[in-house]
Each structure stands twice: as structure tokens, then as C-alpha cells.
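Trainee: Sequence:
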Amino acid sequence: MELRVTPYDHPDAVKLVDGVQQEYVVRYGDQDLTPVDPAEFALPHGLFLVGYDDGVPVACGGWRAHPDGLGPGEAEIKRMFVVESARGKGFARVILAELERTAAVAGHRRLVLETGLKQPEAIALYRSSGYAEITKFGYYREDELSLCFGKELTAG
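Mapping the sequence shown onto UniProt numbering, position 35 (from 1) lands on 35, and the numbers just tick up by one.
Among these hints, one or two may not hold up.
[Claimed, not checked] In the DSSO-like style, the derived pairs of lysine-lysine whose C-alpha atoms are separated by at most 30 Å in a straight line are:
1. Lys-136 to Lys-118
2. Lys-118 to Lys-89
3. Lys-15 to Lys-89
4. Lys-89 to Lys-151
Since the hints were derived computationally from the structure, they do not count as laboratory data.
Here the structure is a predicted model, which is why all the values come from computation and not from measurement.
With the sequences and hints as input, model every part of the structure.
Mentor: Quick look at the structure:
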């Protein structure tokens with residue numbers, strides 16, 4: 001898989017973000033309503049990646065300096081997604097590792113994220129990658145299906 005830093009509003013990114021939003025509709029009955037501004041995913045405040053397999057966009061994910069002010073040096077992972085036909089190939093793990101690397105290089109000391117109980121694959125990925133549960137934050141902090149995770153980063 002080839003990774004490219006891509007604007008959040010680039011057509012390939014939009015297509016993948018639409019896909020993750022549809023996944024939320026299937027699993028939870030609605031899209032993720034967390035406010036997101038494409039500018040949050042532009043350096044130096046954030047970054048968005050699209051993964052290509054044989055030139056086809058199949059995976060994405062990004063980080064943004066955390067808007068809820070959890071703490072200085074923290075960034076939030078958003079919109080991790082792999083299209084169904086490309087799942088099981090390790091692409092999510094590749095995206096996650098690059099998000100961690102680039103966030104650390106940008107000076108962030110910790111990544112945080114929110115996911116849900118109806119996404120066992122995501123939970124397994126984060127736990128196996130060293131993420132631990134943290135206090136809930138953000139738009140879904142009161143939702144019983146929400147889980148939040150964090151991971152300390154190695155200096156970039």
C-alpha cells in the first residue's frame with residue numbers, strides 16, 4: 001500500500017470518509033456527528049493519509065491537534081477506515097503506525113481516539129498497538145457505546 005498525505009477534502013479522501021460514515025450508519029444507525037473541519041487535518045495542526053493499493057484508494061486516517069483541549073501535546077485520531085474489499089491485509093495497522101510517527105515528528109506526545117463497542121476490529125487494533133482506555137472525551141463522552149483510548153508517543 002502506498003501512503004499519501006492528502007487534503008481531507010480531496011476527492012479520494014471524501015470518498016473514503018463517506019465510506020466510514022456509511023459504516024457508522026450500518027453499525028450505529030447514524031453518522032459520526034463529531035464536528036470536523038477539513039482545515040484541522042492540514043499541517044501543522046493535523047494530517048490526513050490515504051492509502052492506495054494498485055492506485056485505488058482503500059484506506060484512510062488522520063490526526064488533528066485536539067480541539068477539546070485535553071492537554072498540550074495531544075492529538076486525536078479520526079476517520080480510520082479500510083474499504084471492505086481490502087480488509088485483513090494489515091492496511092489499518094500501516095495507517096495507524098504512520099499516524100503515530102507523523103504526530104510524534106510534529107511534536108505531539110500522546111494520541112487519543114474515540115471508538116465504539118460495535119467496532120470490535122478497531123478495539124482489537126488499538127489494544128494490540130499499545131492503546132489503553134482513557135476517560136471519555138468529545139461528542140460521545142456520555143454515550144454508553146463509546147470507548148476512548150490513548151497512547152504515549154516516542155519523541156519524533
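Trainee: Now tell me if each hint is right for this structure.
Mentor: Structure-based check of each hint:
no.: 1; hint: Lys-136 to Lys-118; in the structure: 16 Å, holds
no.: 2; hint: Lys-118 to Lys-89; in the structure: 21 Å, holds
no.: 3; hint: Lys-15 to Lys-89; in the structure: 20 Å, holds
no.: 4; hint: Lys-89 to Lys-151; in the structure: 23 Å, holds
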